[in-house]
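Visitor: Work out the full structure: start from the sequences and follow the hints.
The sequence shown: position 285 = 285 (the UniProt record's numbering), numbered continuously.
Since the hints were derived computationally from the structure, they do not count as laboratory data. These numbers were taken from a predicted model, which means no experiment stands behind them. Don't take every hint at face value.
Listed next, with one range per pair, are the computed distances between beta-carbon atoms [said to hold, decoys possible]: (1) Ala34 <-> Gln277: 47 to 57 Å; (2) Ile253 <-> Val48: 38 to 48 Å; (3) His249 <-> Arg81: 23 to 33 Å; (4) Arg281 <-> Leu144: 18 to 28 Å; (5) Pro83 <-> Phe189: 52 to 62 Å; (6) Asp271 <-> Ser24: 38 to 48 Å; (7) Met185 <-> Val108: 27 to 37 Å; (8) Ala230 <-> Val141: 44 to 54 Å; (9) Pro83 <-> Met185: 57 to 67 Å; (10) Ile253 <-> Arg213: 14 to 24 Å; (11) Arg281 <-> Val138: 18 to 28 Å; (12) Asp247 <-> Gly269: 15 to 25 Å; (13) Asp286 <-> Val141: 41 to 51 Å; (14) Ser24 <-> Ala230: 36 to 46 Å.
Every residue gets a Cβ at the ideal spot worked out from N, C-alpha and C, and that includes glycine.
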Amino acid sequence: MGAGHTHGSGHGHAHSHAHATPDSDRRWLAGALAVIVVFLLGEVVVGVVAGSLALLSDAAHMLTDAASIALALWAIRLAARPPAGRMTFGWKRVEILSAQANGLTLLVLSAWLLYEAIRRLIEPPAVTGGLVLATALVGVVVNLAATWMISRANRSSLNVEGAFQHILTDLYAFLATAVAGVIIMLTGFERADAIATLVVVALMVKAGVGLVRASSRIFLEAAPADIDPAAVGVGMAARDGVVEVHDLHIWEITSGSPALSAHVLVEPGRDCHAVRQELARWLAADHHIEHATLQVDHAQPELIELGARPSGHCAQSHGPARHSRDVAHTHESGNQN
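Guide: Encoded structure:
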C-alpha cells in the first residue's frame with residue numbers, strides 16, 4: 001500500500017454580496033430599529049392618552065419586533081469575532097441561534113393572536129374603526145420603511161431573514177388591520193378585526209416554521225437544502241484518479257457557508273496532491289463548497305487487481321462509500337439503454 005497522505009484544503013468561506021457586508025447589515029438593521037422604536041414610543045404615548053388597550057397591546061407586539069432586530073444586531077457582532085480557543089469555528093452559529101429564537105417567537109405570538117382572534121370572534125368587543133384605521137396606516141408606513149431597510153441587508157443570512165420576517169408579518173398585520181378598520185367604519189362589522197388577525201396568524205406560522213426548520217437543519221449538521229450529498233459523492237468518485245470516496249460529510253457552519261470533509265482513496269502511483277487539488281477545485285466550481293477538508297490515501301493495489309472494493313481501508317466508515325467502478329458501471333448501463 002502506498003504511503004498514507006493527509007491533506008487539508010481550507011478556503012475562506014465568506015460569501016460576498018454586491019451590497020451586503022457585516023458593516024452594512026448592521027447599518028440597515030440599526031436604521032430599521034430606530035424607526036421601529038420611535039413609532040413604538042409614540043404609540044405608547046397615544047395609547048395612554050386615548051386610554052386604548054388595543055394600541056398598547058399593539059405597542060407590545062412592536063416591542064417584539066424591536067427585540068428581534070436587536071437580537072440580530074447582537075448576533076452579527078458576535079459572529080464577527082475570529083476563531084479562538086475552544087471556539088474553532090468562531091461564533092458564526094450565534095446567528096443561527098438568533099434565527100431560531102425569532103422563528104420560535106413568531107410561533108408563540110401566532111398562538112397568542114389565534115387565541116385572541118377566536119375569543120373576539122365569539123364575543124366581539126367594541127372597536128373604534130377610525131382610530132384603528134389611523135394607527136394602522138401610520139404602522140404601514142413605518143413598517144414599509146423598516147422592511148425596505150432590512151431587505152437591503154444580506155437576507156441569505158438566516159439571522160437577518162429572521163428579523164425581516166418579524167417586520168414583514170407586522171407589515172401584513174397593519175395592512176389587514178387597515179382593511180378591517182375601513183370595513184368597521186363602513187359596515188359596523190366588528191368581527192372584521194378578528195378575521196384580519198387570523199390571516200396574519202397564518203402568515204406568522206408559515207414564516208416561523210420556515211425559520212425553525214432551516215435553523216434546525218444547520219444545528220443537526222444536515223447538508224444544505226441545495227446540495228445533494230449523494231450527487232457530490234458520485235461526482236467525486238468519477239474524478240480522474242479517484243477509486244473511492246467514503247466518510248463524506250457535508251454541513252453548514254452558518255447559513256451560506258457549506259463545508260465538506262471526506263476520505264478519498266486514489267489509484268496507486270497517482271499524485272495525491274494533484275488529485276486533492278482537482279477535487280477541491282471541482283467542489284468549489286460545481287457545488288460552491290469552498291471549505292473542504294480531504295484526507296487522501298492510496299488504495300491497496302492487490303484489492304484493486306482482485307476486483308474487490310477497497311472499503312476495508314476504514315473499519316467503520318460513516319455513510320455509504322462511492323466507488324469509481326460503480327460510477328463507470330452506471331454510465332455503461334445508461335449508454336446501453
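Visitor: Evaluate each hint against the coordinates.
Guide: Against the structure, the hints come out as follows:
1. Ala34 <-> Gln277: 47 to 57 Å: The hint (47 to 57 Å, Cβ to Cβ) holds, given that Ala34 and Gln277 are roughly 49 Å apart.
2. Ile253 <-> Val48: 38 to 48 Å: 47 Å, holds
3. His249 <-> Arg81: 23 to 33 Å: Since His249 and Arg81 have Cβ atoms about 25 Å apart, the given range 23 to 33 Å holds.
4. Arg281 <-> Leu144: 18 to 28 Å: 45 Å, violated
5. Pro83 <-> Phe189: 52 to 62 Å: The hint (52 to 62 Å, Cβ to Cβ) holds, given that Pro83 and Phe189 are roughly 59 Å apart.
6. Asp271 <-> Ser24: 38 to 48 Å: Once the Cβ atoms are compared, 44 Å apart, the range 38 to 48 Å for Ser24 and Asp271 holds.
7. Met185 <-> Val108: 27 to 37 Å: 32 Å, holds
8. Ala230 <-> Val141: 44 to 54 Å: 49 Å, holds
9. Pro83 <-> Met185: 57 to 67 Å: Given about 58 Å between the Cβ atoms, the range holds.
10. Ile253 <-> Arg213: 14 to 24 Å: Roughly 18 Å apart at Cβ, these two residues keep to the hinted range, so it holds.
11. Arg281 <-> Val138: 18 to 28 Å: For Arg281 and Val138 the Cβ distance comes to about 55 Å; the hint is violated.
12. Asp247 <-> Gly269: 15 to 25 Å: Holds, since Asp247 and Gly269 (Cβ atoms, about 23 Å apart) stay within the stated range.
13. Asp286 <-> Val141: 41 to 51 Å: 46 Å, holds
14. Ser24 <-> Ala230: 36 to 46 Å: With Cβ atoms ~37 Å apart, the hint holds.
In summary, the numbered hints that this structure violates are 4 and 11.
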